[in-house]
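Number of protein chains: 2
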Amino acid sequence: MHITVQRDKLSNAVSHVSKAVSSRTTIPILTGIKIKTDDEGITLTASDSDISIEVQIPLEEAGDWGVTIHQPGSIVLPARIFSEIVRKLPSNEIHIQADDRLVTQIRSGQAEFTINGMDASEYPQLPHLEEDKVISVPCDLLKAMIRQTVFGVSTSEMRPILTGIMWSLEQGKLRFVATDSHRLASRTAMVECPEDLSFHNVVVPGKSCNELMKILDDDQNLADIVVADNQILVKSKHILFYSRLLEGTYPDTTRIIPQGSKTEITVSTKEFLQSIERASLLSREGKSNVVKLVTLSDGSVEITSNAPEIGKVTDILMPKALNGEELKISFNAKYMIDALRAIDSTEIKASFTGPMSPFVIRPTDHDWMLHLILPVRTY
Amino acid sequence: MHITVQRDKLSNAVSHVSKAVSSRTTIPILTGIKIKTDDEGITLTASDSDISIEVQIPLEEAGDWGVTIHQPGSIVLPARIFSEIVRKLPSNEIHIQADDRLVTQIRSGQAEFTINGMDASEYPQLPHLEEDKVISVPCDLLKAMIRQTVFGVSTSEMRPILTGIMWSLEQGKLRFVATDSHRLASRTAMVECPEDLSFHNVVVPGKSCNELMKILDDDQNLADIVVADNQILVKSKHILFYSRLLEGTYPDTTRIIPQGSKTEITVSTKEFLQSIERASLLSREGKSNVVKLVTLSDGSVEITSNAPEIGKVTDILMPKALNGEELKISFNAKYMIDALRAIDSTEIKASFTGPMSPFVIRPTDHDWMLHLILPVRTY
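Those sequence lines, one after another, are chains G and R.
The first sequence begins at 71 in my numbering and counts up one residue at a time.
The second sequence begins at 71 in my numbering and counts up one residue at a time.
A portion of the hints provided could be inaccurate.
Given that identical chains are not distinguished, each listed pair holds provided it fits within a single copy or across any two copies.
[To be verified] Heads up, simulated DSS-like pairs for lysine-lysine below, C-alpha to C-alpha not over 30 Å straight-line:
1) K357 - K89
2) K419 - K332
3) K158 - K340
4) K419 - K158
5) K419 - K357
6) K89 - K382
7) K332 - K404
8) K89 - K404
9) K158 - K382
10) K382 - K398
11) K158 - K362
12) K357 - K340
13) K243 - K277
14) K158 - K390
15) K357 - K158
16) K158 - K404
17) K398 - K158
18) K158 - K89
19) K382 - K106
20) K277 - K89
To be clear, the hints were calculated from the coordinates, so they are not data collected in a lab.
Next comes chain G alone, as it looks inside the complex:
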C-alpha cells in the first residue's frame, strides 16, 4: 500500500475511529487502526468488538483533495502511536507506504517515521447489514435524544438490560427510554422512515450511545439508522458507527407512568434547578442525597435538606402555578437535577399523585419528553 493523504482529514478520521479502540483488549490486532484503499479513497476502521467505527476519506470531495492512491492495499497500524504521530507531522501531505513485511514508512516534510504494522487480513470483518429499511434523523436531534435520556441508564450490572437505552419505532415515532428502576427518562421524535417499519426492544448500550453522541456533528444533516438482529448501524456523512445490542427483554415501562395527578407545580426550569442544586450541597453529604419539597399555603414551595453535623438549608421557590392537594414529598436530588438539566424548555410542570407515588416532570411547551422519579419514603 502506498498513499498520500491530506493531514487534517487523516487526523480527523483517526481521532473519530480511535473512540472505538480499547487499550484493554486481549486481541492484539484490535489495538490497531486498519487503513484500506478502495476505488473511492481510503477507509479507516477501529473496533473494540462492542463498538466499531469506520471513517472514509474520499479521493476528493467538492473539489477538495483528500487522498491519492499510488498503490492499493491495506495495513493495520498501532492506534495510539499512529494517532500521536499524525497529530505532530509538520506538512499538509502525509505519505504512508507499507512494504510486504508490514514495515510502514510515514513521511511528512523532513520527518520520517518507520513503524511496524500488522496484517490487515487478520483484522475481523465488520458485520454486513441489509440497508433496505432505514430511518433518518437529523444528527443534532439524535444527539439531543441521547443526551436527554442516557443519564438514566443503570450503572449496575445486576440487570444488564437496564444499562442500555431502549430504542423503539412505531408509526414514524422514534422513542428512547432509559431507566435504572429508580427514575426513567423518555424522549420521542417523528422521523423519516418507510411507512411499515417498526421495531421494539432494540437496546443500545449506554456506553455506545455516549460514544455515538461524541462522534456525531451538531448539525441537521441526516443520520441513517439501520437496525439488525443484534447490531445497529448509524451512518452520517463519511462515518459508519456499529454497536452490538444488549440481549434480553426490556421491561414494559408504559404501565408505571401515572395518568392524572393530585398536585401540579408549574415552575421555571432554571429556578427549580438552582434551588435543588443548593439543597443538594448539603443533602449529598449524607448517603441518600434526599431533599424535601413541601407546598405552603401561600402558594410557594419550600425545598429543604439537612446533613447531620454540617447544617441545613431552606429555599423558598415561587412557582408560576400550584394546584391541587397539599404535598410533602422527598426524593433523590441527583435524579431531579439530571432530569431538569436535560430539559431545554424554560418551564416545566411536575405532576404528583401523592407522597409515595412516582411523579412526572414534563416541559410545558411540548409532549416529546418525560422524566419520572420515584420518591423516597421519609414520612
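Given chain G, put chain R in place with the hints provided.
Leaving out everything else, chain R in the frame of chain G:
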C-alpha cells in the same frame, strides 16, 4: 459576627484562599476558612501549615461596595461546603451571621443555610514578618520566573532541598534556580529593592511556587516580597501569600555551567521543539526517553530516536547557524522539551562542549535565562 458581603468578591476571595486548604490535614480547624472583621473590612484565611493565604475584602474600594459589618467578630467555616454554597447563592448580597454557639446563618435571596462553624480563637496565628526590607516585582514577571524554572525541581524526596526553587538576590538582581541534578533551569531579573539588601539560599518549595503562580494576577502590578528566616511572604493587592522555606543548604550550581563551547547551534525554538516532540513520540515508549542529535556535514542537524518493536523516527532540522566541531549527542527528550517550552524567545542557541558534557540552551535575544541539560551516554 454579622456581615453583609458582595457575592463575587466573597466568591473570589474564597476561591483564592481555598488553594491553601488541604483535605488531608490532621488538624480539624485547618479544614476551615477563617473570616475575621477589622476596621477596614474582612479577612479570609486558610492554611495547610506549609502555605497560608489571606485575602482582604475592604469595606469599599474605588467607590465599589465590598462588605458591611453589622457586628464585629470572627468564625471558621468548613472550607469545601462554604465554598460551594457561596458559588450557588442567588443574590448579590450575602448575609453571614454567627451566634455564640458558632451556629452560622448564610442568607441570600430566598435561600438560607445554617451550618456549624468552628471557634476562630483556635485557629493558628500566622507568622508576623518584619516588612522593613521589601523587594518589588511585577506580578506577570514573577509568574514568568516561576513558570520558566519550576519544572526543573526534583520530584524525589531523596534530596529534599532540590524540591524547591532557590531564590537569591544580589545587587538588585533576583535569581531563581531549579535543578533535579539531571538538568537545571535559571532565570534572573532586575527588581526594585533597598540597595543593601541581598539574600541567598532561600529555597521555596516547588508546590508553593506553583500555587503562588496560580494566585497572582497576570498584570504589571507590583508584588512585594518579604524574606524571613524560615518564611517568605508575597503581597499582591489584597492577597497575602505565606510559604515556609526548605531547610538545608542548596548546592552551588555556578560551577557546573560550562564556559565556552566546541559546537554551537542557533535554531528556531519552535522548529527545534516540534522536532524533539516528534522524536519523543517513539523515545518515550522506552524507559529512558532518549533522542539522538547528530550534526551533518551539509549544515543540517539530524534528530533520531527508536523504540524496539515499535519503530524509529528521523527528523532533519535546518538550523540558522551551525558552528564548531562535529557532534553526536544523546539526551532525555523530556528535559529538552521542558526547557524549549519555557523559552518565550523565537530563537535559541545551544552550546555543547562534547558528547559527555552538560550543554546549555539560551535565548539569543537576552541573557536572563539559561537551561542546562546533562547528556545520556549512548556512544
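Now the hints, each set against the structure:
1. K357 - K89: So K357 and K89 pass the 30 Å test across copies only (27 Å; inside, 34 Å).
2. K419 - K332: within (13 Å within a copy, 79 Å between copies)
3. K158 - K340: Classified as between: cross-chain Cα gap 13 Å, same-chain 43 Å, threshold 30 Å.
4. K419 - K158: Intra 52 Å, inter 24 Å, cutoff 30 Å: inter-copy only.
5. K419 - K357: within (28 Å within a copy, 60 Å between copies)
6. K89 - K382: Between copies, since 26 Å is at most 30 Å while 44 Å is not.
7. K332 - K404: Classified as within; 24 Å inside a copy, 67 Å across copies.
8. K89 - K404: Intra 28 Å, inter 27 Å, cutoff 30 Å: intra and inter.
9. K158 - K382: Classified as between: cross-chain Cα gap 15 Å, same-chain 53 Å, threshold 30 Å.
10. K382 - K398: Classified as within: same-chain Cα gap 18 Å, cross-chain 69 Å, threshold 30 Å.
11. K158 - K362: between (54 Å within a copy, 18 Å between copies)
12. K357 - K340: within (26 Å within a copy, 52 Å between copies)
13. K243 - K277: within (24 Å within a copy, 57 Å between copies)
14. K158 - K390: between (56 Å within a copy, 22 Å between copies)
15. K357 - K158: between (47 Å within a copy, 21 Å between copies)
16. K158 - K404: between (42 Å within a copy, 16 Å between copies)
17. K398 - K158: Cα proximity of K398 and K158: across copies only (25 Å, versus 60 Å in one copy).
18. K158 - K89: Result: close within a single copy only, 19 Å intra versus 35 Å inter.
19. K382 - K106: between (62 Å within a copy, 23 Å between copies)
20. K277 - K89: Only inside one copy: K277 and K89 sit 11 Å apart there, 35 Å across copies, limit 30 Å.
Violated hints are absent here; each numbered hint is respected by the structure.
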